[in-house]
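Peer 1: These protein sequences, in sequence, are chains H, R and W.
With the first letter of the first sequence counted as 1, position 132 gets the number 131 in numbering that gives the first Met the number 0; the numbers rise by one all the way through.
With the first letter of the second sequence counted as 1, position 100 gets the number 99 in numbering that gives the first Met the number 0; the numbers rise by one all the way through.
With the first letter of the third sequence counted as 1, position 121 gets the number 120 in numbering that gives the first Met the number 0; the numbers rise by one all the way through.
By construction, these hints were calculated from the structure, which means they are not laboratory data.
Treat each hint with caution, since some may be false.
Copies of the same chain look alike in the list, so a pair counts if it works inside one copy or between any two.
[Stated by the list, open to error] DSS-like cross-link-like pairs, simulated, lysine-lysine; straight-line CA separation at most 25 Å:
(1) Lys5 to Lys73
(2) Lys60 to Lys26
(3) Lys73 to Lys26
(4) Lys125 to Lys1
(5) Lys34 to Lys125
(6) Lys73 to Lys29
(7) Lys1 to Lys64
(8) Lys34 to Lys60
(9) Lys128 to Lys64
(10) Lys5 to Lys64
(11) Lys26 to Lys64
(12) Lys5 to Lys29
(13) Lys64 to Lys29
(14) Lys29 to Lys60
(15) Lys73 to Lys34
(16) Lys125 to Lys29
(17) Lys60 to Lys5
(18) Lys60 to Lys1
(19) Lys64 to Lys34
(20) Lys1 to Lys73
(21) Lys5 to Lys128
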Amino acid sequence: MKSYRKELWFQTGSRRELINITGEIDKCLKESGIKEGLVLCNAMHITASVFINDDESGLHKDFEKWLEGIAPEKPYGQYMHNGFEDNADAHLKRTIMGRETVIAVTGGSLDMGPWEQVFYGEFDGKRRKRVLVKIIGE
Amino acid sequence: MKSYRKELWFQTGSRRELINITGEIDKCLKESGIKEGLVLCNAMHITASVFINDDESGLHKDFEKWLEGIAPEKPYGQYMHNGFEDNADAHLKRTIMGRETVIAVTGGSLDMGPWEQVFYGEFDGKRRKRVLVKIIGE
Amino acid sequence: MKSYRKELWFQTGSRRELINITGEIDKCLKESGIKEGLVLCNAMHITASVFINDDESGLHKDFEKWLEGIAPEKPYGQYMHNGFEDNADAHLKRTIMGRETVIAVTGGSLDMGPWEQVFYGEFDGKRRKRVLVKIIGE
Numbered sequence: 000m001k002s003y004r005k006e007l008w009f010q011t012g013s014r015r016e017l018i019n020i021t022g023e024i025d026k027c028l029k030e031s032g033i034k035e036g037l038v039l040c041n042a043m044h045i046t047a048s049v050f051i052n053d054d055e056s057g058l059h060k061d062f063e064k065w066l067e068g069i070a071p072e073k074p075y076g077q078y079m080h081n082g083f084e085d086n087a088d089a090h091l092k093r094t095i096m097g098r099e100t101v102i103a104v105t106g107g108s109l110d111m112g113p114w115e116q117v118f119y120g121e122f123d124g125k126r127r128k129r130v131l132v133k134i135i136g137e
Numbered sequence: 000m001k002s003y004r005k006e007l008w009f010q011t012g013s014r015r016e017l018i019n020i021t022g023e024i025d026k027c028l029k030e031s032g033i034k035e036g037l038v039l040c041n042a043m044h045i046t047a048s049v050f051i052n053d054d055e056s057g058l059h060k061d062f063e064k065w066l067e068g069i070a071p072e073k074p075y076g077q078y079m080h081n082g083f084e085d086n087a088d089a090h091l092k093r094t095i096m097g098r099e100t101v102i103a104v105t106g107g108s109l110d111m112g113p114w115e116q117v118f119y120g121e122f123d124g125k126r127r128k129r130v131l132v133k134i135i136g137e
Numbered sequence: 000m001k002s003y004r005k006e007l008w009f010q011t012g013s014r015r016e017l018i019n020i021t022g023e024i025d026k027c028l029k030e031s032g033i034k035e036g037l038v039l040c041n042a043m044h045i046t047a048s049v050f051i052n053d054d055e056s057g058l059h060k061d062f063e064k065w066l067e068g069i070a071p072e073k074p075y076g077q078y079m080h081n082g083f084e085d086n087a088d089a090h091l092k093r094t095i096m097g098r099e100t101v102i103a104v105t106g107g108s109l110d111m112g113p114w115e116q117v118f119y120g121e122f123d124g125k126r127r128k129r130v131l132v133k134i135i136g137e
């Protein structure tokens, strides 16, 4: 069994942002030399997400509005967590979007459907944060 | 390390439908000959889900009503994504239900709790769509 | 490839409770002797969750209030599932929080971010229920 590990680092300009990282994960897979196995890709921070969906800007605006409806950023005082912080909403938004995704590796490629794209979902940005890419297989 | 891959195809008669696929995944596992390892089962489409819950028809009606409350199908114009499409709600519903599940393989069997059943969750159906079953182990 | 399996058992005193199980998973990893691989940790019951977030009591109260808003326990009669049971809300809450998490193993340790902690999320407790820890790797 072979294994591979890499951290991807991000610093967004705004509090919330969705970044397509499919190409970076694919590059990791090529570097690993693994042909059959599994990729785990997860946020290493608890106010961010890695998820798979469509790379369509309208849908990304829908996600923003929808998540703000389910777990609004403000007023900050509505959350117990926001005594010393202001990011409780980001913990909840990331819960909806998910911490991680697991992707099959087949014949040396990411084994994904035609519209599947992997995103880093930042919900409390403007600082350096990381994603872990771990690949195991042969 | 051994690996196994299969696509399961579905075409539902209605826009939304939950289909128990536990038996099909179990058949894949037997075909693979793998005794210890992990099964990844994921929707290959971004408006569908693979998830684990109860095979109880009342609960499935509760899911339908609950998801319609959180991410209603209509009016279509409420979503930016629905310029050329009408399925933004399906992207959101699948986000709640999840893209994938990972299941342990122990002694050649799916290592699941007594009530755990795996479902394909279709949220934009009436067309051919796929689920990936990838198994790695020994 | 090596594999390891353990069940963790819980019986909470109240219907809903969040329990930090990071230490127990770490103990499993040490027992397994696996240095590189993946840990799957999942609830074996469909009204419970395993998820990763912050070990902060204010946030845990926010989760309780937020989940009660999205999928209220009462009135029981609002759910079709509650003909013979009263736990439909627990099935929905666990769907939001997720059934499982997959964690990388690197150099014999859980490869997690500084604030990541693993929780058992009980949403229909007061009875014995299980979590599965499955580790594969080398």
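Peer 1: Go through the numbered hints given earlier and state which of them the structure violates, listing their numbers in rising order.
Peer 2: 1, 2, 3, 4, 5, 6, 7, 8, 10, 11, 13, 14, 15, 16, 17, 18, 19 and 20
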